[in-house]
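Asks: Heads up: the sequence lines are chains A and B, in that order.
Each residue of the first sequence is one higher than the one before, counting from 5 in the numbering used here.
Each residue of the second sequence is one higher than the one before, counting from 13 in the numbering used here.
What the hints contain is simulated information worked out from the structure, not anything from laboratory work.
In this text, all values refer to a predicted model and were calculated from it rather than measured experimentally.
Some hints could be false.
What the hints assert, rightly or not - DSS-like, lysine-lysine: derived pairs with alpha carbons at most 30 Å apart:
id	chain 1	residue 1	chain 2	residue 2
1	B	81	A	263
2	A	234	B	70
3	A	158	A	284
4	B	193	A	259
5	A	234	B	31
6	A	259	A	152
7	A	108	A	234
8	A	172	A	203
9	B	31	A	277
Here is how the chains run, residue by residue.
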Amino acid sequence: MTNGAYNETNADLLNIEMQLLMEAIFLRYGYDFRNYSKAHIRRRVLHHLSMSLIPNVTMLLDRILRDRDFFSNFLDDLSINVTEMFRDPEFYKSLKYNIIPKLKTYAYFKVWHAGCSTGEEVYSIAILLKEEGLLDRCQIYATDFNRKVLETAKEGVYQKSDIEQYDKNYVLSGGSGKLSDYYKSRYGSVIFDKNLSSKVVFADHNLVTDNVFAEVNMILCRNVLIYFEKNLQDRVIGLFYKSLVPGGILCLGTKESIKFSGYENLFEVVDEKQKIYKRKIL
Amino acid sequence: MNYKAIVIGTSFGGLEALKIILPGLGKEFPVPVIIVLHIGDHSNDTFINYMNSICPLKVTEAENNEEIKPGHIYFAPPNYHLLIEPDFTFSLSTEEKYNYSRPSIDILFESAAWAYSKNLIGIILSGANSDGAYGLKLIKEFGGMTLVQNPCSATSPTMPRAALKMVLPEYRLKLEDIAVKLVELTNG
Ligand SMILES: C[S@@+](CC[C@H](N)C(=O)[O-])C[C@H]1O[C@@H](n2cnc3c(N)ncnc32)[C@H](O)[C@@H]1O
Numbered sequence: 005m006t007n008g009a010y011n012e013t014n015a016d017l018l019n020i021e022m023q024l025l026m027e028a029i030f031l032r033y034g035y036d037f038r039n040y041s042k043a044h045i046r047r048r049v050l051h052h053l054s055m056s057l058i059p060n061v062t063m064l065l066d067r068i069l070r071d072r073d074f075f076s077n078f079l080d081d082l083s084i085n086v087t088e089m090f091r092d093p094e095f096y097k098s099l100k101y102n103i104i105p106k107l108k109t110y111a112y113f114k115v116w117h118a119g120c121s122t123g124e125e126v127y128s129i130a131i132l133l134k135e136e137g138l139l140d141r142c143q144i145y146a147t148d149f150n151r152k153v154l155e156t157a158k159e160g161v162y163q164k165s166d167i168e169q170y171d172k173n174y175v176l177s178g179g180s181g182k183l184s185d186y187y188k189s190r191y192g193s194v195i196f197d198k199n200l201s202s203k204v205v206f207a208d209h210n211l212v213t214d215n216v217f218a219e220v221n222m223i224l225c226r227n228v229l230i231y232f233e234k235n236l237q238d239r240v241i242g243l244f245y246k247s248l249v250p251g252g253i254l255c256l257g258t259k260e261s262i263k264f265s266g267y268e269n270l271f272e273v274v275d276e277k278q279k280i281y282k283r284k285i286l
Numbered sequence: 013m014n015y016k017a018i019v020i021g022t023s024f025g026g027l028e029a030l031k032i033i034l035p036g037l038g039k040e041f042p043v044p045v046i047i048v049l050h051i052g053d054h055s056n057d058t059f060i061n062y063m064n065s066i067c068p069l070k071v072t073e074a075e076n077n078e079e080i081k082p083g084h085i086y087f088a089p090p091n092y093h094l095l096i097e098p099d100f101t102f103s104l105s106t107e108e109k110y111n112y113s114r115p116s117i118d119i120l121f122e123s124a125a126w127a128y129s130k131n132l133i134g135i136i137l138s139g140a141n142s143d144g145a146y147g148l149k150l151i152k153e154f155g156g157m158t159l160v161q162n163p164c165s166a167t168s169p170t171m172p173r174a175a176l177k178m179v180l181p182e183y184r185l186k187l188e189d190i191a192v193k194l195v196e197l198t199n200g
């Protein structure tokens with residue numbers, strides 16, 4: 005986990021090298037990790053060093069600057085893409101209870117799913133909307149800054165071995181059908197119904213360096229802000245505020261919050277525990 | 013030595029052990045105590061409420077970006093890794109399980125060693141797997157103090173044994189002696 009080249013005697017050196025590395029990545033490739041949680045980034049970098057048998061961060065930096073493919077793999081290591089279907093079933097229950105009735109009053113609405121990773125959450129929401137009879141009335145934008153995960157998301161192909169857990173989550177979330185109604189099995193994989201993604205546009209968008217993506221009625225951004233330092237989190241919450249229509253809904257991960265972000269007064273709390281907020285109509 | 017934080021890792025048998033240790037720290041305890049207890053996916057609320065009812069110190073679940081305060085007991089939230097940032101705030105991560113665990117003791121201990129180096133006390137208590145052994149070794153390498161519950165007094169000796177295999181700790185104590193030792197170490 006930690007690389008032999010670093011210990012408490014050269015912690016300062018590592019800090020300097022990390023700072024240079026983040027600066028170099030930003031200048032060369034435009035990805036800005038400078039305000040991501042330091043402990044998290046350090047862990048990923050040291051992990052990458054030991055996997056690629058590169059002795060220290062300065063040599064990693066050299067390689068990254070010169071080798072685009074190498075950087076692309078490194079990027080995968082920095083962006084934690086772990087996700088699952090119907091993670092936090094209680095959240096989906098709350099959506100159903102608190103938000104869906106309001107969406108039903110709209111003729112048409114837009115959803116922005118930011119940091120969607122490989123798409124499991126997108127298909128979960130699409131299933132929920134479908135069961136509520138709303139899928140045909142919506143447009144979903146699903147974005148991430150990692151193009152590889154977006155490819156997987158578009159395909160909607162997942163490992164069969166994960167389905168048992170997803171099925172459990174689906175039932176707990178109050179799903180009204182059977183999860184197996186929505187996918188077909190193929191060898192060790194399952195492929196989700198293309199109907200579900202017919203309303204989804206998958207697109208590359210970086211929350212740190214890009215601007216408002218679209219004006220929408222609901223934003224889901226779960227388990228992305230936890231990787232950002234406070235100031236960056238606050239800025240991204242500001243971006244969400246600007247992207248929402250008045251009365252629009254913001255859903256964060258269960259360990260994320262708008263508390264102390266400076267935007268607290270501009271939102272109403274819909275569900276404190278499930279982190280569902282509503283942009284106030286001022 | 014001026015200790016600035018204590019990190020504790022434990023799994024099976026941990027709740028019983030913590031019920032004895034944490035109230036024993038008294039109400040003037042001068043440093044934060046940060047704990048990973050493997051309890052599966054369900055919420056921490058019940059036992060945090062319970063701990064609050066028996067501990068004079070304030071017990072809460074660690075929150076993302078929260079500033080770590082002395083005399084406060086923090087638990088990692090279920091299903092998230094807990095890390096300590098260089099500016100002594102918490103951060104959380106949903107990365108893969110490590111040692112089949114999320115939260116992982118190793119991940120907490122590693123980040124704590126970087127943040128506090130020699131001003132840290134690392135503790136391994138009762139547990140049924142070997143998470144934390146590597147992290148404890150790192151704490152020791154960074155000059156921190158290490159303490160392992162005597163496996164013979166642990167409900168489940170696997171975790172303390174695994175730690176003892178990797179580290180020769182400064183202290184190897186029976187459950188009843190741990191709180192007293194911590195009070196002594198942090199009052200120096
Ligand atoms: C842990 S996943 C969360 C997936 C899903 N929302 C969930 O909760 O299960 C975090 C995702 O955020 C993406 N991400 C990280 N930084 C980003 C940024 N600056 N802009 C857009 N996406 C980002 C990562 O690529 C990753 O797919």
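Asks: Hints first: check each against the structure and report whether it holds.
Replies: Now for the hints, and whether the structure bears them out:
Distance restraint check for residue 81 of chain B and residue 263 of chain A: the Cα-Cα separation of roughly 19 Å lies within the 30 Å cut-off, and the hinted pair is therefore satisfied. For the proposed pair residue 234 of chain A and residue 70 of chain B, the alpha carbon gap of about 24 Å is at most 30 Å, so the pair holds. With a CA separation close to 33 Å, the supplied pair residue 158 of chain A and residue 284 of chain A exceeds the 30 Å bound. A distance of roughly 34 Å separates the Cα atoms of residue 193 of chain B and residue 259 of chain A; the hinted pair therefore is violated under the 30 Å criterion.
Taking the CA atoms of residue 234 of chain A and residue 31 of chain B, the gap is about 34 Å. The hint is violated against a cut of 30 Å. Distance hint between residue 259 of chain A and residue 152 of chain A is fulfilled; the C-alpha atoms sit about 26 Å from each other, no more than 30 Å. Between the alpha carbons of residue 108 of chain A and residue 234 of chain A the distance comes to roughly 35 Å, so the proposed pair goes past 30 Å and is violated. With a C-alpha separation of about 26 Å, the suggested pairing of residue 172 of chain A with residue 203 of chain A holds against the 30 Å cut-off.
Taking the CA atoms of residue 31 of chain B and residue 277 of chain A, the gap is about 27 Å. The hint holds against a cut of 30 Å.
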